[in-house]
Amino acid sequence: MVMAVTVHIPTALRAYTDRRESVETEGGSVGEVLQQLTAAHPPLRPHLFTPDGRLRSFVNIYLNDEDIRYTGRESTPVKPGDSLSIVPAVAGGR
Amino acid sequence: MATLTEPTPAIELSKDEILRYSRHLIIPEVGVDGQKKLKAARVLCIGAGGLGAPVGLYLAAAGVGTLGMVDFDTVDFTNLQRQVIHGTSDVGRPKLESAQATLSEINPNVRLVPHPVRLSSENALEIFRDYDLVVDGTDNFPTRYLVNDACVLTGVPNVYASIFRFEGQASVLALSGGPCYRCWYPEPPPPGLVPSCAEGGVLGVLPGIMGTIQAMEAIKLILGIGTPLKNRVLLFDALQLRFRELKLRQNPDCPVCGAHPTIRELIDYQEFCGIRGEAAEPEPPAGDEVTPRELQAWRQRGRPVFVLDVREPHEVQIAAIPDTTLIPLGELPRRLNELQPDRETVVYCRSGQRSARAVRHLRQAGFTKVWNLKGGILAWADEVDPSLPRY
Ligand SMILES: [Zn+2]
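Heads up: the sequence lines are chains A and B, in that order. Just so you know, numbering that gives the first Met the number 0 puts 39 at position 40 of the first sequence, and the rest follows in order with no gaps. Just so you know, numbering that gives the first Met the number 0 puts 308 at position 309 of the second sequence, and the rest follows in order with no gaps.
In short, the hints are calculated from the structure, not lab data. Values in this document were obtained by computation on a predicted structure and should not be read as measured data. A portion of the hints provided could be inaccurate.
Only pairs whose alpha carbons sit at most 20 Å apart, straight line, appear in this in silico SDA-like list of lysine to any residue [to be verified]:
#: 1; chain 1: B; residue 1: Lys229; chain 2: B; residue 2: Thr211
#: 2; chain 1: B; residue 1: Lys246; chain 2: A; residue 2: Tyr15
#: 3; chain 1: B; residue 1: Lys246; chain 2: A; residue 2: Pro76
#: 4; chain 1: B; residue 1: Lys246; chain 2: A; residue 2: Ser82
#: 5; chain 1: B; residue 1: Lys246; chain 2: A; residue 2: Pro42
#: 6; chain 1: B; residue 1: Lys368; chain 2: B; residue 2: Leu24
#: 7; chain 1: B; residue 1: Lys246; chain 2: A; residue 2: Glu73
#: 8; chain 1: B; residue 1: Lys246; chain 2: A; residue 2: Tyr69
#: 9; chain 1: B; residue 1: Lys229; chain 2: A; residue 2: Asn63
#: 10; chain 1: B; residue 1: Lys219; chain 2: B; residue 2: Glu28
#: 11; chain 1: B; residue 1: Lys246; chain 2: B; residue 2: Leu233
#: 12; chain 1: B; residue 1: Lys14; chain 2: B; residue 2: Leu24
#: 13; chain 1: A; residue 1: Lys78; chain 2: B; residue 2: Ile26
#: 14; chain 1: B; residue 1: Lys368; chain 2: B; residue 2: Asp322
#: 15; chain 1: B; residue 1: Lys246; chain 2: A; residue 2: Gly80
#: 16; chain 1: B; residue 1: Lys368; chain 2: B; residue 2: Arg389
#: 17; chain 1: B; residue 1: Lys246; chain 2: A; residue 2: Thr5
#: 18; chain 1: A; residue 1: Lys78; chain 2: B; residue 2: Leu245
#: 19; chain 1: A; residue 1: Lys78; chain 2: A; residue 2: Ala11
#: 20; chain 1: B; residue 1: Lys246; chain 2: A; residue 2: Ser56
#: 21; chain 1: B; residue 1: Lys229; chain 2: A; residue 2: Val86
#: 22; chain 1: B; residue 1: Lys246; chain 2: B; residue 2: Thr226
#: 23; chain 1: B; residue 1: Lys246; chain 2: A; residue 2: Pro50
#: 24; chain 1: B; residue 1: Lys246; chain 2: A; residue 2: Thr70
#: 25; chain 1: B; residue 1: Lys246; chain 2: A; residue 2: Phe57
#: 26; chain 1: B; residue 1: Lys219; chain 2: B; residue 2: Ile26
Footprint (simulated), chain A over chain B, 3 or more residues, beta carbon under 8 Å [to be verified]:
#: 27; stretch: 39-51
#: 28; stretch: 126-138
#: 29; stretch: 159-166
#: 30; stretch: 176-187
#: 31; stretch: 235-244
Just so you know, even glycine gets a beta-carbon here, dropped at the ideal spot from N, CA and C.
Required output: the full structure, derived from the provided sequences and hints.
And the structure:
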């Protein structure tokens, strides 16, 4: 079953989503949603995935407020109305 | 929750202090006891910049008794857009000197402890041990991980925030067994993938908002009131004016705060963050050129290098290196007054030819620290940012 999910895009990656803050995507799992997202916005792909297709270790993905590392990673199921957040490490402060 | 500091009987408030802090004293959650806790507290602020400015201003005003600051930088014109602890007449002064002048004017009762050093694995533990709380306002990954590990190893909580353009993150880390930065991000991004403020820019109000959140959390921890921003991360998006909260869990496999830590002392953070091969602070090249990678490395270290674009406006619309200033080559001779002859300046164009002419012109005009970006924006696209369109 296919479901609409909102993906929140961080400032640093909005250059690859036509400057949009959020993108509506479909999929039954976190992995499917991310595949759909990067298929719709191919330049985003190298920022989220390694060349061999693994999620990059320094990009955290949250389903609603929960880190997917603790819920089954990319196989974590998603429901309609869920929001997925891409949260890259940010170091700025000065 | 337990408080960080207990007021010792020796801590008293003077008549002047009672008047100064009266708006605190009449809050039941603060009161005289709370104000004495603030006076007894020792807070270390890492960085006297965008985040450190509001942190320093509000903690000093609130009456935190001992306020340490670590910074080795001098005030630069590009700082003034957001680092409100410094003023125009402070440009060129050491940041700690400037910050101290501002803070002692705000509250002469605060004991200010300057640490005019670059925080390192050699000095961090020794400095941290004298404080109850660290507020992290640095601007690069090696120092972020260094501050984190030093906080975990010394047991000093870390009130964390970081910023990028319109976006901020904040959390209270390493607080009595709570998660640390490595639980959240076990590994740093490779250098060059995440831009720093110097490259990516930051809206000046943003560090004001995130820094005051840090100051509030610091004061709550000192007073032992409310619910600290522990086990969660606050995300702020200024463009949407939206706050969101994410869960932050302690990772049992965390290499520094997990069940079986592998990091028991401070490590080489430059190497950990993949910044090696280049010396800790690369010297300006002796020749006329810098490579895109060299320029990128300077910016990542927060070096305030000025980058001048000498192309035409329509070329800028196609592609540009972030945080650069445009003066087309033809206009350069009559617009020299817009530039600072003693400022480190890198000039670029499409492929490096026009900018080489500009460099020669600037040197003849008395500019001493000016280099050509080798290969122009085309080489920048090859070596630093492959997402830039080529033309
Ligand atoms: Zn940890």
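Each hint tested on the structure:
1. Of the supplied pair hints, the one linking B:Lys229 and B:Thr211 holds, its CA atoms being roughly 17 Å apart against a limit of 20 Å.
2. In summary, the hint linking B:Lys246 to A:Tyr15 is not supported, as the alpha carbons are separated by about 27 Å, beyond the 20 Å threshold.
3. Our distance criterion of 20 Å between C-alpha atoms is met by B:Lys246 and A:Pro76, whose separation comes to about 18 Å.
4. Only pairs whose Cα atoms come within 20 Å are accepted, and B:Lys246 paired with A:Ser82 is accepted, the gap being roughly 14 Å.
5. Between B:Lys246 and A:Pro42 the alpha-carbon distance is near 29 Å, which puts this suggested pair outside the 20 Å criterion.
6. Between B:Lys368 and B:Leu24, the direct Cα distance comes to roughly 54 Å. Violation of the 20 Å bound is thereby established for this hinted pair.
7. Only pairs whose Cα atoms come within 20 Å are accepted, and B:Lys246 paired with A:Glu73 is accepted, the gap being roughly 18 Å.
8. Of the pairs offered as hints, the one joining B:Lys246 and A:Tyr69 holds, with about 11 Å between alpha carbons and a cut-off of 20 Å not exceeded.
9. For the proposed pair B:Lys229 and A:Asn63, the alpha carbon gap of about 18 Å is at most 20 Å, so the pair holds.
10. With a CA separation close to 10 Å, the supplied pair B:Lys219 and B:Glu28 stays within the 20 Å bound.
11. Among the hinted pairs, B:Lys246 with B:Leu233 is consistent with the structure: their alpha-carbon atoms are about 9 Å apart, no more than 20 Å.
12. Under the criterion of a C-alpha separation no larger than 20 Å, the hint pairing B:Lys14 with B:Leu24 is consistent with the structure, at around 13 Å.
13. Only pairs whose Cα atoms come within 20 Å are accepted, and A:Lys78 paired with B:Ile26 is rejected, the gap being roughly 45 Å.
14. Between the alpha carbons of B:Lys368 and B:Asp322 the distance comes to roughly 19 Å, so the proposed pair stays at or under 20 Å and holds.
15. At roughly 19 Å between alpha-carbon atoms, B:Lys246 and A:Gly80 fall within 20 Å of each other, so this suggested pair holds.
16. Taken as a hint, the B:Lys368 and B:Arg389 pair is broken in the structure, with Cα atoms around 28 Å apart against an allowance of 20 Å.
17. At most 20 Å may separate the alpha-carbon atoms for a hinted pair to count; B:Lys246 and A:Thr5 meet this at roughly 18 Å.
18. Between the alpha carbons of A:Lys78 and B:Leu245 the distance comes to roughly 18 Å, so the proposed pair stays at or under 20 Å and holds.
19. Pair hint A:Lys78 plus A:Ala11 does not hold up; C-alpha atoms about 27 Å apart against a cutoff of 20 Å.
20. A C-alpha spacing of about 18 Å is found between B:Lys246 and A:Ser56, which places the hinted pair at or below 20 Å, so the restraint holds.
21. Distance check on the hinted pair: B:Lys229 and A:Val86 sit about 18 Å apart at the alpha-carbon level, within 20 Å; holds.
22. Taking the CA atoms of B:Lys246 and B:Thr226, the gap is near 14 Å; set against the 20 Å cutoff, the hint holds.
23. Using a Cα cut-off of 20 Å, the hinted pair B:Lys246 and A:Pro50 is violated, with the two alpha carbons roughly 29 Å apart.
24. This hinted pair checks out: B:Lys246 and A:Thr70 have alpha carbons roughly 12 Å apart, not beyond 20 Å.
25. Restraint check for B:Lys246 and A:Phe57: satisfied, since their Cα atoms lie roughly 17 Å apart, inside the 20 Å limit.
26. Restraint check for B:Lys219 and B:Ile26: satisfied, since their Cα atoms lie roughly 13 Å apart, inside the 20 Å limit.
27. Chain A is given as covering the stretch 39-51 of chain B, and this holds because 5 residues of the stretch bring a CB closer than 8 Å to a CB of that chain, at least three being needed.
28. A stretch counts as covered by a chain when three or more of its residues have a beta carbon under 8 Å from one of that chain; for the stretch 126-138 of chain B and chain A the count is 4, and the coverage holds.
29. Residues of the stretch 159-166 of chain B lying with their CB closer than 8 Å to a CB of chain A number 7, which satisfies the three-residue condition for coverage.
30. Beta-carbon proximity to chain A at under 8 Å applies to 5 residues in the stretch 176-187 of chain B; the threshold of 3 is reached and the given coverage holds.
31. Only residues whose C-beta sits within less than 8 Å of a C-beta in chain A count toward coverage, and the stretch 235-244 of chain B has 5 of them, enough to reach three; the restraint holds.
Hints 2, 5, 6, 13, 16, 19 and 23 from the earlier list are contradicted by this structure; the remaining hints agree with it.
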